[in-house]
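One-letter residues, chain by chain:
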Amino acid sequence: MLIFEHSRKNRRNYSQAPATRPAKNNIPDHLKRKSTPLLPEVSEMDTVRHYTRLSQKNFSIDTEFYPLGSCTMKYNPRACNSLAMLPQFLSRHPLAPEDTGQGFLACMYELQEILKDITGMAAVSLTSMAGAQGELIGITMIRAYHEAHGDTGRTEIIIPDAAHGTNPATAVMCGYKVIEIPTNRDGDVDMDALKAAVGPKTAGLMLTNPSTLGVFEKKVAEMSRIVHAAGGLLYYDGANLNAVLGKVKPGDMGFDVIHMNLHKTFSTPHGGGGPGAAPVGVAERLLPYLPVPIVAHEQGVYRWLTEEDRPQTIGRLSAHMGNAGVLLRAYIYVRLLGAEGMHRISEYATLNANYLMAELRKLGFEIAYPNRRASHEFIVTMKEIKDRTGVTAMNLAKRLLDKGFHAPTTYFPLLVPECLLIEPAETESKETLDRFVAAMKEILDEIATQPDMVKAAPHDMPLRKIDDVKAARELDLVWDPAG
Amino acid sequence: MLIFEHSRKNRRNYSQAPATRPAKNNIPDHLKRKSTPLLPEVSEMDTVRHYTRLSQKNFSIDTEFYPLGSCTMKYNPRACNSLAMLPQFLSRHPLAPEDTGQGFLACMYELQEILKDITGMAAVSLTSMAGAQGELIGITMIRAYHEAHGDTGRTEIIIPDAAHGTNPATAVMCGYKVIEIPTNRDGDVDMDALKAAVGPKTAGLMLTNPSTLGVFEKKVAEMSRIVHAAGGLLYYDGANLNAVLGKVKPGDMGFDVIHMNLHKTFSTPHGGGGPGAAPVGVAERLLPYLPVPIVAHEQGVYRWLTEEDRPQTIGRLSAHMGNAGVLLRAYIYVRLLGAEGMHRISEYATLNANYLMAELRKLGFEIAYPNRRASHEFIVTMKEIKDRTGVTAMNLAKRLLDKGFHAPTTYFPLLVPECLLIEPAETESKETLDRFVAAMKEILDEIATQPDMVKAAPHDMPLRKIDDVKAARELDLVWDPAG
Amino acid sequence: MPFIPHTEEDVAEMLTSIGARSIDELFDEIPAELKTGKLTQVPPGLSEMEISRLMYERAQQDGFYLSFIGAGAYEHHIPAAVWQITTRGEFYSSYTPYQAEASQGTLQLLYEYQTMMASLAGMDVSNASLYDGASALAEAALMAVRQHRTSRRILVPQTVHPVYRSVMRTIVRNQAIEVVEVPYDPATGQVAIDKLDQFAQEEFAALIIPQPNFFGVLEQVDALTDWAHDKQSLAVAVVNPTSLAMLKPPGEWGRRGADIAVGEGQPLGIPLSSGGPYFGFMTCKQELVRQMPGRIIGRTTDLEGKEGFALTLQAREQHIRRSKATSNICTNQGLMVTAATIYMSLLGPEGLYRVAAHSHANTVALVEQLEKLPGVKKAFHSPFFHEAALQLSVPADKVLNRLKAQGVLGGVLLENHYPDLKNTLLVCATETKTAEDLDKYTEVLRQALAASA
Amino acid sequence: MPFIPHTEEDVAEMLTSIGARSIDELFDEIPAELKTGKLTQVPPGLSEMEISRLMYERAQQDGFYLSFIGAGAYEHHIPAAVWQITTRGEFYSSYTPYQAEASQGTLQLLYEYQTMMASLAGMDVSNASLYDGASALAEAALMAVRQHRTSRRILVPQTVHPVYRSVMRTIVRNQAIEVVEVPYDPATGQVAIDKLDQFAQEEFAALIIPQPNFFGVLEQVDALTDWAHDKQSLAVAVVNPTSLAMLKPPGEWGRRGADIAVGEGQPLGIPLSSGGPYFGFMTCKQELVRQMPGRIIGRTTDLEGKEGFALTLQAREQHIRRSKATSNICTNQGLMVTAATIYMSLLGPEGLYRVAAHSHANTVALVEQLEKLPGVKKAFHSPFFHEAALQLSVPADKVLNRLKAQGVLGGVLLENHYPDLKNTLLVCATETKTAEDLDKYTEVLRQALAASA
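Protein chains in written order, with the working numbering: chain A, 1 to 483; chain B, 1 to 483; chain C, 1 to 453; chain D, 1 to 453.
Source of the hints: derived by calculation from the structure; they are not laboratory data.
Remember, it's a predicted structure, so these values are computed and weren't measured experimentally.
Check each hint, because a few of them may be wrong.
To be verified - Residues of chain A clear of chain D, computed beta-carbon distances all greater than 10 Å:
(1) Lys218
(2) His228
(3) Ala283
(4) Met357
(5) Thr389
(6) Ala448
(7) Pro451
Unchecked claim - Below, a sample of chain C positions facing chain A; criterion: calculated Cβ distance under 10 Å:
(8) Met1
(9) Pro5
(10) Thr7
(11) Glu9
(12) Ala12
(13) Pro43
(14) Leu46
(15) Ser47
(16) Glu48
(17) Tyr56
(18) Glu57
(19) Arg88
(20) Glu90
(21) Ser93
(22) Phe199
All residues carry an ideal CB built from backbone N, CA and C; glycine is no exception.
Based on the sequences and whatever the hints tell you, model everything.
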């Protein structure tokens with residue numbers, strides 16, 4: 001039932017709004033609204049009841065295991081939520097004077113310093129509100145760098161085929177042509193293809209390391225030399241930073257610019273699709289172009305650096321300073337874990353992934369890159385199973401829902417057929433992993449004995465399989481009270 | 001799965017506790033604990049996950065309609081929760097000096113004044129932590145009053161048979177003998193029986209009005225005269241105050257002492273069984289005996305009245321001042337509703353009850369007191385249905401669970417066979433009542449066509465009918481790790 | 001209309017169905033002369049925005065202090081998860097789990113609570129909570145009298161929390177139960193054994209044994225328990241639940257262990273909140289379970305044999321047994337127990353031990369520091385848990401006021417309850433206090449003593 | 001180990017299964033020379049108790065002020081239910097609803113949001129949110145260019161929020177899209193129509209139309225919309241969602257209505273929070289839906305015909321189309337939209353109208369009061385919604401500092417963005433301000449002006 005179906009004309013909930021309409025109204029008549037917007041008229045209780053019940057229809061980290069590759073679904077500490085929501089933080093206006101926000105700004109400054117250290121970069125801007133915006137900022141800075149050096153012939157960005165879709169989409173949004181390079185059998189970038197692709201048109205290379213194939217790109221140093229030698233810059237997509245936190249710094253791998261997804265590595269909540277935050281770090285050479293605002297600490301006082309302080313900045317990317325509340329949560333998370341906790345994250349995330357890979361392999365699942373260590377994730381391919389039984393990766397994914405597990409990422413990366421990208425994250429216990437393995441075994445058995453049942457999954461969810469073809473064909477994006 | 005079954009030896013969650021054991025330990029060895037208590041060793045995430053999932057197994061006001069007679073299950077405004085939990089209120093020590101708690105004490109004082117007005121009593125003490133404790137206080141004051149007047153021969157408390165079980169239990173806890181008097185066919189107290197019962201042994205009468213039969217005791221004024229004439233006092237059980245809020249004041253009905261359940265009438269949360277709060281109001285003659293502490297307002301300053309100020313007080317009933325946080329919630333609730341809201345509560349609670357009674361009667365359900373107005377609740381008796389089909393009130397109650405409604409109160413009051421005591425409360429909408437009526441009709445139809453299915457309910461809950469005979473016979477009250 | 005969803009059309013339709021012309025008509029059975037319900041002291045309603053502002057202002061007025069007050073309510077760190085889960089609507093707004101099939105969440109949680117609490121106390125069983133520590137002690141006294149059958153007297157040391165004794169007297173007096181007090185030893189702050197022995201020949205239903213006692217001092221619980229058992233009295237423990245992580249639990253006291261152990265549950269994740277809501281816990285030996293008041297949850301199965309939970313032993317309770325019930329208690333403190341269970345689960349045995357051990361160590365450190373100040377000495381020469389009595393050489397009330405002006409709440413005055421203990425502060429430093437906090441207290445006390453000298 | 005549940009035994013068993021001797025060995029594919037990961041600037045971990053205390057102290061340091069700042073972010077009352085529900089784990093910790101069957105809660109809520117937001121804007125469809133108002137405007141500009149096909153120029157009045165213009169430039173510059181600015185009329189504070197008409201013969205993909213504009217002033221939106229349509233440009237509205245309850249919605253502007261309407265969603269139940277997270281909303285006409293960036297939810301059915309919801313039109317998106325996607329956007333501001341949906345549901349159409357109307361009336365009243373002070377005059381002679389520009393006769397920065405010392409944040413200085421507007425304050429009084437608040441502002445401003453004169 002939609003909230004609108006609980007609505008009844010002229011039902012009023014006065015306690016949430018002023019008790020009367022005011023007398024004063026200077027709005028000229030021709031600018032006044034005449035129609036009533038379609039907002040529901042329901043009681044506070046029915047609103048609470050409706051959305052409480054809706055919430056119960058979601059899977060979430062707080063209720064289920066989410067082995068969702070490339071998404072780093074780890075526990076979101078409850079203290080990060082409540083401390084970031086202290087009333088003074090919530091009520092502070094973004095344009096309030098800096099001296100009324102020194103507590104907040106201290107957190108932001110320290111977060112910048114911590115992220116610089118973790119990534120090995122020269123400076124960090126916190127403004128980016130999501131990974132894709134981080135990429136946009138990074139590539140915009142690469143463009144600004146080349147332009148500042150009069151190097152205007154560089155029109156191409158090189159991207160491995162395993163990359164997230166955001167990488168090529170970002171390059172295009174920044175006015176670049178995308179040169180895709182292939183992956184070799186072991187999951188590494190094809191170095192010959194890279195060498196062939198670089199040249200005077202190369203503006204830069206975007207790389208995720210460990211890659212979305214779940215393996216560490218061993219020749220990253222050589223890639224850096226090749227791209228730099230050709231005059232290009234290196235962009236690090238920090239989607240998988242969780243896998244190497246405290247082990248390797250992107251700066252040490254030779255990257256010039258990096259974004260890190262705080263909603264992955266730093267455990268800010270995914271919130272059903274956002275908000276994220278993706279601070280951007282740069283090496284010395286890109287420092288002038290970093291977007292503002294940035295927090296400075298001068299003579300014991302924190303202040304915003306703006307366009308006046310940074311005349312070469314690419315500018316602003318949000319009305320204020322990005323997703324401040326998300327940044328606070330990440331700050332609290334890092335302070336809770338501390339330096340020693342950073343190492344542990346990557347260690348236990350890697351341990352969990354390799355354990356799960358080993359156990360699934362023992363069950364008979366085919367590992368896409370069987371000769372490699374898993375980073376914090378790994379890929380199972382269902383190709384052989386599908387060829388033999390008709391059961392697809394998606395069928396298995398839906399069947400896992402029935403068993404109380406969120407599905408792994410399916411059909412990404414695109415180059416592995418019928419793939420499941422599995423990332424358990426460090427916060428899951430061995431018992432939970434073992435329960436997941438047991439469920440995978442049950443499904444293997446079901447595929448053998450009743451493949452049609454598996455193909456028709458899910459069975460035990462509030463809904464059977466959703467018809468998304470119909471959703472796209474018969475577009476119904478807003479509710480029509482007329483039916 | 002129990003939380004203990006998620007536990008694993010030596011698993012540690014350092015962030016919730018100090019990171020190490022301290023060096024200093026002056027506890028003598030023979031007083032030290034040697035055994036490890038059976039607390040679970042689980043991660044923060046698994047604790048959150050376990051209890052989040054458990055919560056989803058509950059019915060609650062925030063998710064379902066709860067037509068639970070005599071319990072007044074109404075919406076618990078969310079602002080009452082968050083405002084009562086402001087950090088300064090939560091962190092205030094009960095023994096902190098009064099001048100560091102003037103904000104809190106102002107709320108308590110105003111609540112006392114408001115409750116005095118609503119009940120028409122001379123004074124109110126907020127100390128009682130539950131209805132049953134309110135009763136205990138009330139009867140203890142009645143005893144103190146008689147003792148102070150040297151009237152020591154009064155050993156009996158008169159209680160109508162429809163009363164809550166707490167009434168007779170309280171009287172006995174206070175050392176009294178209970179004289180039960182019957183109810184006449186119309187649901188009123190049998191006046192002849194009352195007259196026969198009163199006498200020199202009568203310490204007092206406990207009365208709920210409107211009664212638990214869902215009707216207003218019309219002859220309450222006469223009852224008051226009879227009891228007072230015999231030298232007894234009148235106790236008002238405020239369980240049903242919601243039905244007459246702003247309409248009649250118990251003080252005007254002649255009562256000497258009253259408790260009111262804030263977790264009913266003033267919408268503080270039931271919390272799965274508490275905490276409640278049940279302030280006690282008294283007429284002038286009982287004022288000296290009121291339990292301490294009480295808040296006074298003198299020269300612009302709030303302070304606690306203690307035994308020194310009230311030498312005849314019956315004393316204290318809690319270590320501090322009762323369920324302060326519950327009182328704060330009730331205070332916020334009353335301030336949100338205001339004087340005009342008090343009237344509305346009883347009006348719409350009564351409207352909802354009479355509407356539901358009318359609709360169920362139209363369906364063919366038998367109303368226990370068909371010639372009476374419903375107060376905020378009314379009784380359906382399933383006796384005829386049970387005699388005819390074998391389907392009991394409990395069967396119907398369980399079947400309602402399947403349909404997404406909490407069951408009404410069953411088998412109370414004891415004098416009506418196979419009864420359902422139904423109280424919809426004012427915060428439910430007509431649509432919800434209509435959906436409930438529709439569900440009751442469905443069940444009537446099911447009783448006609450498939451009574452055995454109804455008898456076997458519930459069917460669609462996480463569990464089938466619980467075996468509570470086994471629960472009592474094979475007592476299993478704590479988990480044994482040995483199995 | 002806040003919280004009332006009816007539209008005018010709804011009301012009209014409903015009245016038509018009822019056959020009434022107005023809502024007012026529905027009240028026609030109330031005699032007119034009783035309808036005098038004009039409210040003059042209830043202010044007009046506020047919007048949520050207005051009440052929010054008012055409450056924020058009142059909260060700001062009360063402020064924050066660095067507090068060293070204990071005396072029965074203790075400041076501990078409460079993990080953020082505790083109340084974020086506890087205030088979920090499904091716990092917060094649910095009713096008593098009488099309909100077991102619709103309440104498995106609360107019921108299972110309470111069963112887990114009973115297990116944790118019984119184990120913490122070293123006892124066989126636990127109920128699902130009582131109102132608070134003080135009333136739990138009174139119920140334990142009544143229970144002991146019911147069990148003992150011949151004596152209606154309870155022996156209570158003055159080292160038991162004075163308000164607990166007061167509440168117990170208020171409650172048991174009605175049943176003509178006599179409370180007999182045993183003085184404390186002014187040197188040790190413990191039960192005066194010589195005074196106790198004067199009662200050796202008299203019959204009592206129970207001896208109450210506090211651990212730690214109100215002074216923070218550790219009692220000789222083994223000897224006291226055996227003393228009670230030797231004369232066929234029940235041994236009733238009143239304990240601090242945090243301390244149980246470090247201290248020998250009541251179930252192991254003496255040769256046979258205490259019979260009943262009760263206490264205040266507040267330290268287990270419940271905010272101080274000006275005094276409530278807290279919860280009382282009650283645990284006992286298996287053979288006393290049918291005498292125990294309050295709700296009890298049992299594990300059982302459903303019709304298909306699936307594990308489930310239900311209220312049990314309801315035949316003890318008022319809603320079934322009425323005047324023959326074990327107690328009149330109905331409502332308990334369910335939501336507080338929800339919080340406490342989550343708290344205990346988050347901390348685990350080692351976490352709770354550390355909380356206890358740091359509270360102990362901090363208080364030891366504070367006392368050591370303060371003792372070095374001229375004009376400060378320990379009131380008692382006994383081991384203590386996380387509170388201690390300190391005697392000042394100057395008027396203690398003035399000192400407390402000076403500390404308060406510096407943002408420090410320095411403890412409570414024992415003189416209010418113990419006239420002999422002049423100028424004596426009861427101070428407490430839980431795990432929430434840092435070394436800097438202890439230093440701050442030491443420094444402001446030094447200044448206050450100097451100013452008062 | 002905070003948040004990591006592994007015991008030593010677990011680790012040993014897992015390594016055995018893997019066939020590795022140590023966790024370190026699992027990193028053996030990382031070249032040794034890259035392993036330089038020593039962290040020197042990350043402090044040691046804190047317990048939750050320690051970080052809690054730190055954050056409380058920092059929050060206390062920032063304090064509370066009586067604020068009259070608007071300028072793109074607005075203080076409104078947020079009902080308590082909004083965030084108590086929004087932060088439930090099932091919303092807070094869930095992922096993007098790619099697995100529709102396991103995400104019906106979020107999906108249905110987003111569909112309801114789309115319905116509410118489209119209706120509020122008077123447009124056909126809505127997406128499920130973008131990052132914030134500024135980036136939503138930039139995306140609208142890109143969308144207009146894609147739709148228009150021939151022009152890569154965007155016409156933007158200087159009455160649009162200066163930072164929005166700045167963000168838009170940063171984003172569209174990469175695609176060689178030109179942003180052309182139109183000055184404002186210094187008398188009215190509206191788009192200077194004469195200046196606009198100078199562009200009458202040039203081609204533009206879109207004209208951006210703010211309502212209210214950055215000065216709080218109401219623009220002649222009908223004329224501007226028709227002006228754009230007359231020259232085959234798209235009309236892109238930038239609107240305040242609260243104001244839409246009172247003001248003619250973009251879909252009804254001019255003869256055909258705006259084509260795209262975007263804005264900052266923060267006023268709909270999102271706390272100010274030093275600037276974020278907020279959310280951008282984007283609504284448009286049906287025919288533009290395939291050009292819209294961001295996630296979109298559709299209503300559909302499951303295999304058995306039961307109503308359900310799913311992400312739809314994913315073929316526009318980067319995870320499917322990669323370099324050919326409509327936008328690179330992936331993450332949106334789902335949790336903020338959850339809050340906004342609950343907020344709109346709690347308020348309903350009348351509640352939102354009252355919030356808007358009181359915000360308007362309060363600002364009108366404040367301006368009337370302040371204008372009476374000597375040395376204060378309105379900068380513009382135009383109707384305004386809930387913000388107004390006031391010109392002072394003395395240095396405004398000093399005045400603001402004096403107000404701040406009295407606990408009042410008096411507005412923002414327009415001079416920072418509009419060099420011609422010397423000593424001019426942009427002030428805002430939403431429904432949160434009482435008559436006493438307005439009086440307080442008037443009084444402290446009177447004092448500050450006197451002191452500065």
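Practice problem: Verify that the Cβ of Ala448(A) lies farther than 10 Å from every Cβ atom of chain D, and report whether the claim holds or is violated. | Solution: Answer for Ala448(A): holds, closest chain D Cβ roughly 24 Å.
Quiz prompt | Proposed interface contact between Ser47(C) and chain A, which counts if any beta carbon pair is under 10 Å | solution = Holds - the Cβ of Ser47(C) comes within 10 Å of chain A, reaching about 6 Å at its closest.
Practice problem: Would you settle whether the hint for Met1(C) is holds or violated, based on the nearest Cβ-Cβ distance to chain A being less than 10 Å? | Solution: With a minimum Cβ separation of about 7 Å from chain A (threshold 10 Å), the hint on Met1(C) holds.
Self-check item: Agreement of hint Ala12(C) with chain A interface, Cβ distance less than 10 Å
Solution: Constraint on Ala12(C) not satisfied, violated at 12 Å.
Quiz prompt | Given as non-interface: Lys218(A), which should sit over 10 Å from chain D by C-beta | solution = 6 Å, violated
Self-check item: His228(A) remote from chain D - nearest C-beta pair above 10 Å
Solution: 16 Å, holds
Quiz item: Given Arg88(C) was flagged as interface, is its beta-carbon under 10 Å from a beta-carbon of chain A?
Solution: This hint holds: Arg88(C) lies near chain A, its Cβ roughly 8 Å from the closest one there, short of 10 Å.
Quiz item: Do the numbers back the hint for Glu90(C), that is, is its least Cβ distance to chain A under 10 Å?
Solution: Holds, about 8 Å.
Quiz item: When the nearest CB of chain A is found for Pro43(C), is that gap smaller than 10 Å?
Solution: 13 Å, violated
Quiz prompt | Hint check, Glu57(C) versus chain A [nearest Cβ-Cβ separation less than 10 Å] | solution = Given a least distance of 12 Å, the restraint on Glu57(C) is violated.
Exercise. Would you settle whether the hint for Phe199(C) is holds or violated, based on the nearest Cβ-Cβ distance to chain A being less than 10 Å?
Key: 51 Å, violated
Exercise. Grab the minimum C-beta distance from Tyr56(C) to chain A and call the hint holds if it beats 10 Å, violated otherwise.
Key: Holds - the Cβ of Tyr56(C) comes within 10 Å of chain A, reaching about 7 Å at its closest.
When each numbered hint is compared with the structure, violations occur for hints 1, 4, 12, 13, 18 and 22.
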